[in-house]
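With chain A held as given, fit chain B onto it using these hints.
Number of protein chains: 2
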Amino acid sequence: MRHTLARTAALCIVLACAMSIGHPGVQAQQRQDSGQWTTYSGDYNAQRHSSLTQITPANVGRLAVQWIFQSGVSGRFEATPLVVDGIMYLTGPDNYAWALDARTGRQIWRYRRQLPEGLNICCGRVNRGFAINGDRLYMTTLDAHLVALDARTGNVLFDVEIDDHKKSYTATVAPLIVKDKVIVGIAGAEYGIRGFIDAFDANTGKKAWRFWTVPEPGQPGGNTWSGDSWQRGGGSTWVTGAYDPSLNLVYWGTGNPAPDSFGDARLGDNLYTDAVVALDADTGTLRWHYQFTPHDVHDWDAVQVPILADITMNGAPRKVLMTANRNGFFYTLDRANGELLRARPFVRTTWAQEIGRDGKPILLEANRIGPEGTVTCPDVGGGTNWMSPSFNPATGLFYVTTREVCAKFYAFPQQFQPGHLYWGGAVEAIPGEPGYGALRAIDPVSGLVRWEFKYPRPSMGGTLSTASGLVFAGEEDGNVMAFDAASGKNLWRLQTGAGLRSGPMTFMHNGKQYIVVASGGAVIALALQDGR
Amino acid sequence: MRHTLARTAALCIVLACAMSIGHPGVQAQQRQDSGQWTTYSGDYNAQRHSSLTQITPANVGRLAVQWIFQSGVSGRFEATPLVVDGIMYLTGPDNYAWALDARTGRQIWRYRRQLPEGLNICCGRVNRGFAINGDRLYMTTLDAHLVALDARTGNVLFDVEIDDHKKSYTATVAPLIVKDKVIVGIAGAEYGIRGFIDAFDANTGKKAWRFWTVPEPGQPGGNTWSGDSWQRGGGSTWVTGAYDPSLNLVYWGTGNPAPDSFGDARLGDNLYTDAVVALDADTGTLRWHYQFTPHDVHDWDAVQVPILADITMNGAPRKVLMTANRNGFFYTLDRANGELLRARPFVRTTWAQEIGRDGKPILLEANRIGPEGTVTCPDVGGGTNWMSPSFNPATGLFYVTTREVCAKFYAFPQQFQPGHLYWGGAVEAIPGEPGYGALRAIDPVSGLVRWEFKYPRPSMGGTLSTASGLVFAGEEDGNVMAFDAASGKNLWRLQTGAGLRSGPMTFMHNGKQYIVVASGGAVIALALQDGR
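Sequence order for the protein chains is A and B.
At position 314 of the first sequence (counting the first as 1) the number is 313 in numbering that gives the first Met the number 0, and the numbers step up by one without a gap.
At position 287 of the second sequence (counting the first as 1) the number is 286 in numbering that gives the first Met the number 0, and the numbers step up by one without a gap.
No lab work stands behind these hints: they were computed from the structure.
Remember, predicted model here, so these are calculated numbers, not experimental data.
One thing to keep in mind: the hints can contain errors.
No distinction is drawn between identical chains; accordingly, a pair holds when it is met within one copy or between any pair of copies.
Listed next, the in silico SDA-like pairs over lysine to any residue satisfying Cα-Cα at most 25 Å (straight line) [claimed, not checked]:
id	residue 1	residue 2
1	K453	R102
2	K488	R102
3	K511	D476
4	K488	Q528
5	K488	L527
6	K407	K453
7	K511	A57
8	K488	T103
9	K511	D529
10	K359	S445
11	K453	T103
12	K511	L490
Next comes chain A alone, as it looks inside the complex (with noise of 0.2 Å):
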């Protein structure tokens, strides 16, 4: 899977410089112990976990900024940023881009998607990231439209519609290049969208298939939605999978139905809401599922990035899918087949007793909602989100953001308006209860929490492994921080400014180790202080 990566990057001195710059063998799937970052979550297992091991609990102490970016543009970054032969590719707040001297921070070229007014976003006008796939870059845009730029001059390649932002389709996802194929998620459900994921030709824009998250009636599933409700019936897809080349199958999180909570107007499971689909990569064909949430109303999207691993679980070698769930339960699944090996709360849960062995949860009385209002954990932020988490194989242990919440959620009957928030209910925080946040590190085979650090806030920072024993981490109160993998020991931290809602990454370039932030406006790039 590793390249040798032409250097063509000439070097800039002014800002404004034309470079050349060029990435011909450069494919998604390239792990990032090259020192590079080629995809959101680092690799295709979508670990977030970094072979680099100069920077170590030893001296983590001396990481300091190397180079502060700006954006200038009101909003935050949501966006992992990817590094290939020392440039930056960046996506920001209303489909801004950048490539950026990843040494120095300094910008080399800047795009902007001109949008529509009037677009119906629910909930910031984000992005996670680009794609890259040799010399091009992909985006979605908020307007559900999906890009290819010139990784060189940011120029565009092509640019198709994924959906009609009329019928309140937008798109934030950072797209997954698998073979020859783009492949994107949508955003929505929150407006009644019908949910998705599409793949399009790498090279043309050409659509090559679509997997509909929610089946209309007749399809495999299509019995789990009562009357015309699939017409509305949610399942976005916005944050990206993961991808087994083995198998040949893509994992996608999948969103909440619509209407969010009340779930009198769609009855039945609302398949494949909530849950993750494993997809054939040719053909987009769904080989399998596990619906975490059935008939969701607490707006626990499923959508978390999928981990893939291999591990020991009873002596034996599975290839396992591990995720830490919105509705507070941490799953691992076989991904050959979805079977359910494990599942356990990692965050106080009240909706559910636990999940059984026929993969459901044992529900509680805290999980039926109404007008009356029902007080449950996690709240509808969840467990956790659309932060990253990571594995280190060494330490066997999963590192995710958590949030410690309830609130009390209501339920009441909506008429679905095209292009209106399409809730059903409505929640409340519940006075004098703030909660927490905390990193956790989870054993995915016996599903229990090793150790936590306590935030003084529910967080949304992703997290990052290194394999010298390191786990990097954000929290809301805008401090990223150093932790030791194997204890949970705060080693370092740093005032960023911001709440973090974005992933840590890392990368390798004249060598020297960096590890990168994206946190409300700016990126900051560390590496150890060379003491001059």
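Positioned in the frame of chain A, the structure of chain B alone reads:
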């Protein structure tokens, strides 16, 4: 001038906690050698020279980011933060303001002024900072008010109109506290205001005095304006002045006449525009003035911070005022009487051959502009601008960010219309000649440039001098840098992600010296890496 300060700040663990903070003994005139930074330019001399010596030329390479504060507000910082007893007070774009824990960057409180619609603001919705007096903070507002805040809470104590924003008055200046008065300037010359400097009672907000920078007919200087042009004569005062307690004189720079370029609309020298005025601090009475650019047609405001120092010239001690002017000349004046002691160009100047013995520029042909356009150096941005210079008494050098750039100036008649820009001309960049910037160290005795450090682009960042022999400065490509004060050798740099538009400051807290720079939308605090 030094006070023992009551330390009343309680340890603040969580973000929103109510801190009890107060600084009953703080006076603006307090020198920053106490480790505080209590007024815009550091002290009344406006030297921006700190006695702190923990950071030295030998160890500055270990300078590292301690924390970052991101305003989250659109727009750029042009403010210098104040720090008293470990609390930082900062103003930002759109009249947002913050109190931060100076050790961690954590927000203690935030203030935002509700601004009316339709303000006439020529040059950015910026603010240059607070003044502090005891437990009171003072800021000017974009709608031309003076607001006093409780330093402990950010609550408004009083709010008085400086002048009517509907007449295009606006304010961005950091106030100056002198005894029981708050002295402020005004902006709006590009809209044809009549400028002034105002003093208010610091306790009540009652107007104490006003000095009009444009006199009316019959008053001294009134005969330097043709017709009724004085009524809209400009002369803004948008950068903070200095104060000499022994002479009880406030020194303040004044801006360009209006209209900016069509001088025929205002025949005469146009006193007291483009001048420094020395005012009795108690009464606002003019003691002397020195006009740098009589009958300016290039928009060369003389609002640059004047620096006061006692230096030796021709073997005799002199109490001087030094300023590097937007018109490209550096001036050393006797600050008791305004006598010109030295004037020399510090950038390329083509509009005047030299400053004559009578203190008036000897004009060159390139000073004449009309509808056909004339190339003149410096450009409209000037040889320098609002960015603060600094002065080190030990090296005897004046450190200033300079701009080497020319432009083509046009003048043409324009009818004055209230609420409309009143340029009476235009300025064009010269294609292919973008110019460059430089940090320059000027000897105020000879007026000669002792050393320079070139920047790729004309720059607008202020400077800071320290007694350890360092100069900190920032440039347009986003780098904040440290230099050896004697030699100009660049010793350290950090890319902050936005062109520097404010002056660095320094303070000491719990035995640690910090350097702070406000850059773009962020405040960045630096200190020596402790190398854990």
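Hint-by-hint comparison with the structure:
1. Within a single copy, K453 and R102 get their C-alpha atoms only as close as 33 Å, which misses the 25 Å cut-off; across copies the closest is 22 Å, which meets it.
2. Taking the closest pair of Cα atoms, K488 and R102 come within 25 Å of each other only across two copies (23 Å); inside a single copy the shortest separation is 30 Å, beyond that limit.
3. In this assembly of identical chains, the alpha carbons of K511 and D476 lie at most 25 Å apart only when taken from different copies (23 Å versus 29 Å within one copy).
4. In the homo-oligomer, the alpha carbons of K488 and Q528 lie at most 25 Å apart both inside one protomer (22 Å) and across protomers (20 Å), since each shortest distance falls under that limit.
5. In this assembly of identical chains, K488 and L527 lie within 25 Å of each other by CA distance both inside one copy and across copies; the values are 19 Å within and 24 Å between.
6. Taking the shortest alpha-carbon separations for K407 and K453, only the intra-copy value of 24 Å comes in at or below 25 Å, while the best inter-copy value is 61 Å.
7. Proximity of K511 and A57 under a CA criterion of 25 Å is satisfied in both settings, with 16 Å inside one chain copy and 24 Å between copies.
8. Taking the shortest alpha-carbon separations for K488 and T103, only the inter-copy value of 20 Å comes in at or below 25 Å, while the best intra-copy value is 31 Å.
9. Taking the shortest Cα distances, K511 and D529 sit within 25 Å of each other both inside one copy (10 Å) and across copies (21 Å).
10. Proximity of K359 and S445 under a CA criterion of 25 Å is satisfied intra-copy only: 18 Å inside one chain copy versus 86 Å between copies.
11. In the homo-oligomer, the alpha carbons of K453 and T103 lie at most 25 Å apart only across protomers (19 Å), although the nearest pairing inside one protomer, at 34 Å, exceeds that limit.
12. In this assembly of identical chains, the alpha carbons of K511 and L490 lie at most 25 Å apart whether taken from the same copy (20 Å) or from different copies (21 Å).
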